[in-house]
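Residue numbers (my numbering), protein chains in the order written: chain A, 3 to 543; chain B, 425 to 682.
In short, the hints are calculated from the structure, not lab data. A portion of the hints provided could be inaccurate.
[What the hints assert, rightly or not] When the alpha-carbon atoms are kept at most 30 Å apart in a straight line, the in silico DSS-like pairs for lysine-lysine are as follows:
no., chain 1, residue 1, chain 2, residue 2
1, B, Lys556, A, Lys103
2, A, Lys22, B, Lys457
3, A, Lys76, B, Lys556
4, A, Lys113, B, Lys437
5, B, Lys596, A, Lys85
6, B, Lys556, A, Lys117
7, A, Lys26, A, Lys103
8, A, Lys94, B, Lys596
9, B, Lys529, A, Lys26
10, A, Lys110, B, Lys529
11, A, Lys84, B, Lys582
12, A, Lys84, B, Lys556
13, A, Lys117, B, Lys446
14, B, Lys529, A, Lys107
15, B, Lys457, A, Lys117
16, A, Lys107, A, Lys27
17, A, Lys27, B, Lys529
[Stated by the list, open to error] Heads up, incomplete: computed chain B residues facing chain A, CB under 7 Å, no partners named:
no., residue
18, Leu433
19, Val442
20, Trp443
21, Glu463
22, Gly465
23, Arg468
24, Gln515
25, Ala518
26, Thr523
27, Lys596
Just so we're clear, the structure is a prediction, and the values are computed from it rather than from any experiment. Glycine residues also receive a C-beta, built at the ideal position from the N, C-alpha and C atoms.
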Amino acid sequence: MASLGGSSSSSTEYIVRVPKNTSKKYSIMAFNSGDKVNCSSWTQARMERDMSNRRMYGVEETEEGAAGSEFGKKQREEARRKKFGIVTREFKVEDQPWILKVNGKAGKRFKGTKKGGITENASYYIFTQCPDGAFEAFPVNGWYNFVPQAKHRTLTAEEAEEEWGRRNKVVNHFSIMLQRRLREQERGPDDDDEEGEKGGKKKKKKGGRGGDLRIHDLEDDLELSSDESDSSGGEDGDSKPKKKEGDVKGKGKGKKKKKKKRGSDSEANEDSDDGDFEGLEVDYMSDESSSEEEVGEEKAKSNKEAVPKGIDEASESEEESEEEKQNEEEGKEEEEEEEGKKTPVQMKKKKDSSGESDTSEDSDIDGEAASALFMVKRTPPKRGGGRGSGGSSRTGSRPGTPSIDSTSTSNTLRAAASKLEQGKRQVVGGSSDSPAAKRLKMESSSTAVTTQSPAPSGKSTPQPPSGKSTPSSSDVQLTEEAVRRYLIRKPMTTKDLLKKFQTKRTGLSSEQTVNVLAQILKRLNPERKNVNDKMHFYLTE
Amino acid sequence: MSEKGEVDLTGAKQNTGVWLVKVPKYLSQQWAKASGRGEVGKLRIGKNQGKAEVEFTLNEDLTMIDSLGNKPSGVQAPRDHPFTMQTVGGQTLAVFTETQSESSKERISLEGLVVQRAECRPAVSENYMKLKRLQIEELSKPVRLSQQLEKAVTTNYKPVANHSYNLEYDRKKKEEGKRARVDKQQVLDMLFSAFEKHQYYNIKDLVDITKQPVSYLKEILRDIGIYNVKGTHKNTWELKPEYRHYQGGEEEEKETDD
Numbered sequence: 003m004a005s006l007g008g009s010s011s012s013s014t015e016y017i018v019r020v021p022k023n024t025s026k027k028y029s030i031m032a033f034n035s036g037d038k039v040n041c042s043s044w045t046q047a048r049m050e051r052d053m054s055n056r057r058m059y060g061v062e063e064t065e066e067g068a069a070g071s072e073f074g075k076k077q078r079e080e081a082r083r084k085k086f087g088i089v090t091r092e093f094k095v096e097d098q099p100w101i102l103k104v105n106g107k108a109g110k111r112f113k114g115t116k117k118g119g120i121t122e123n124a125s126y127y128i129f130t131q132c133p134d135g136a137f138e139a140f141p142v143n144g145w146y147n148f149v150p151q152a153k154h155r156t157l158t159a160e161e162a163e164e165e166w167g168r169r170n171k172v173v174n175h176f177s178i179m180l181q182r183r184l185r186e187q188e189r190g191p192d193d194d195d196e197e198g199e200k201g202g203k204k205k206k207k208k209g210g211r212g213g214d215l216r217i218h219d220l221e222d223d224l225e226l227s228s229d230e231s232d233s234s235g236g237e238d239g240d241s242k243p244k245k246k247e248g249d250v251k252g253k254g255k256g257k258k259k260k261k262k263k264r265g266s267d268s269e270a271n272e273d274s275d276d277g278d279f280e281g282l283e284v285d286y287m288s289d290e291s292s293s294e295e296e297v298g299e300e301k302a303k304s305n306k307e308a309v310p311k312g313i314d315e316a317s318e319s320e321e322e323s324e325e326e327k328q329n330e331e332e333g334k335e336e337e338e339e340e341e342g343k344k345t346p347v348q349m350k351k352k353k354d355s356s357g358e359s360d361t362s363e364d365s366d367i368d369g370e371a372a373s374a375l376f377m378v379k380r381t382p383p384k385r386g387g388g389r390g391s392g393g394s395s396r397t398g399s400r401p402g403t404p405s406i407d408s409t410s411t412s413n414t415l416r417a418a419a420s421k422l423e424q425g426k427r428q429v430v431g432g433s434s435d436s437p438a439a440k441r442l443k444m445e446s447s448s449t450a451v452t453t454q455s456p457a458p459s460g461k462s463t464p465q466p467p468s469g470k471s472t473p474s475s476s477d478v479q480l481t482e483e484a485v486r487r488y489l490i491r492k493p494m495t496t497k498d499l500l501k502k503f504q505t506k507r508t509g510l511s512s513e514q515t516v517n518v519l520a521q522i523l524k525r526l527n528p529e530r531k532n533v534n535d536k537m538h539f540y541l542t543e
Numbered sequence: 425m426s427e428k429g430e431v432d433l434t435g436a437k438q439n440t441g442v443w444l445v446k447v448p449k450y451l452s453q454q455w456a457k458a459s460g461r462g463e464v465g466k467l468r469i470g471k472n473q474g475k476a477e478v479e480f481t482l483n484e485d486l487t488m489i490d491s492l493g494n495k496p497s498g499v500q501a502p503r504d505h506p507f508t509m510q511t512v513g514g515q516t517l518a519v520f521t522e523t524q525s526e527s528s529k530e531r532i533s534l535e536g537l538v539v540q541r542a543e544c545r546p547a548v549s550e551n552y553m554k555l556k557r558l559q560i561e562e563l564s565k566p567v568r569l570s571q572q573l574e575k576a577v578t579t580n581y582k583p584v585a586n587h588s589y590n591l592e593y594d595r596k597k598k599e600e601g602k603r604a605r606v607d608k609q610q611v612l613d614m615l616f617s618a619f620e621k622h623q624y625y626n627i628k629d630l631v632d633i634t635k636q637p638v639s640y641l642k643e644i645l646r647d648i649g650i651y652n653v654k655g656t657h658k659n660t661w662e663l664k665p666e667y668r669h670y671q672g673g674e675e676e677e678k679e680t681d682d
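Extracted from the complex, chain A is given alone in its bound form (with noise of 0.2 Å):
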């Protein structure tokens, strides 16, 4: 090492050597400076070809060994190749990516492809300083591109091209692979008892999500809903399911559609068009009486059925704050989207009472068959309020803007109802009339109470009028001596009374059932105290 002072400068000179005989091959490992990787962070690093490539060169053994080889085989395929001119690449192992794990299992993984070309116009050499002061330089056989690989689920090429083919459609993206891990938790536990739900998944999947109503064959219908009705207690995973299928049992359509819709339901889609509907209206149409004999065996079915999930439903009901889970929404919107689904009919009425003011919703409900519309009644109060802008959907409802648009559209959305109901009482017989009239009743009642401030509970905005009340048996009525009952008892919290009071039972909607509360708790006047930062109402007696 020689130093040479120059006047304005100053330079070293360092000697570099080339090592001939070493046995090291070296390589360049690259990362994208977006991953932000740091090699001092590594503990310990484990590094191996990828040798995955190695069947598609190397030739596909048929059956080695007696059963099933032919005397030859191997060099009449060869002889067949070169006659074709099929030239296959030899598998290298040099050129074979590298998979690279980091800090072990719970690590990163990286997979490094190689690049090509590198050596061919200029070669690259790595100069390290040694410690006698000398450069040595190495030249690098390889450079490979590592990048990291996605521990987390990814869809797959089909499902991502469906959800391409919704994107404009889906607001909540998250749900999409919420919905993927869901089905698979489902195909997992669930194999021989629920083949009629797997067989409606995969129709949902397969066409069903895209297209979100399709017109199936009654038959298919049936069948599934006869499978799910016995594998419903198979089920694991959500309390959605279940709760879905207590809902839709007994209602061939609807049943498959809830399957169908669950996955789709929780995202936000707009509502679909309304010619999806126009063949399935006719079809109720056709079986208008049927269907009524439906609605009422339906009706007391699910309300069987609706005991053991209807505390479910009810806890996902009440919360209607602007806090609720995701999950709840989403299965709100699917119950909605069932309910909705049940019946194109249904929807659409479902839509038009609890609130858009879709016109053009109108004239299609108005040459339905009314009947139709009380088949809506399940949970349509939650509906209603939970969801407000619901309604939308026969197909989806928009999460994001439930409360808000509900209070603006709220005089719309009772002219739409009024409108309805008029147009179904002239369709409809007697029994129609009473739930017609009950229901408007509870709807001025209820939008007198709307006008006022918002519920005292916990609701944070006032909800629209759902007009879908049917008058089911209730057991609980929602009264003042009730409410005095369970503050006596304990100290409970507006939401728990809500709980109490459910609103398929009760037959009111989620917002009359609010209003009423609040009107009882007025008159009762309770104490208060907070309990774990939540507001109790209790009675002294």
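Given chain A's structure and the hints, the job is docking chain B onto it.
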């Protein structure tokens, strides 16, 4: 080998810094000719008015360029090569090595991280221009060449009375003679042992194995085997199911009624 795959991280931990230098092809060729300890030249790193200047000077004895065919051409490689320094940028470039020792233990170790990138450029000089011209000349030569011949080629394809290969073939055939029929039982034994090895056989292959005339062999085969006309193994013979026993490649020999 639990060792395999384990990456030696000492270089990364020490944060050893290395330079990645892009070197022209002719220079790396010259470096390959270095002898002894591998000294190829000198690297001068200087600071000139605040900027770092790096220059590589090739050793005198390595400047002789060999043209194609390892003949010394009259061209000399330029000696001075200033380095153009570049930053690594956001990228993380690590250097790892694979060591294949005789004990066939392949060790992968991380040597260090690239801290500086550089390009070795030749200083433009007369020598360099000549070198470039030589390279261009060599590259511009076409890979395939059409040449005109003065005389027609007469060394191939001379007419022969009989090809040597053919003579050999005839001799072999005569020696072997016609295929003689042996006992049916013997043939059956041969067949069964053959079918033990493979399930499907071409008639030609069976003739080859058993050395029996075709018609005789076919008679026997019709007895114990079936002929596949369709399917994947077309035109092949296989044993009848009752004679087969292919679990694990074993086969029971069934006695045939003669």
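- Checked against the structure, which of the hints given earlier come out wrong? 1, 3, 8, 12 and 27
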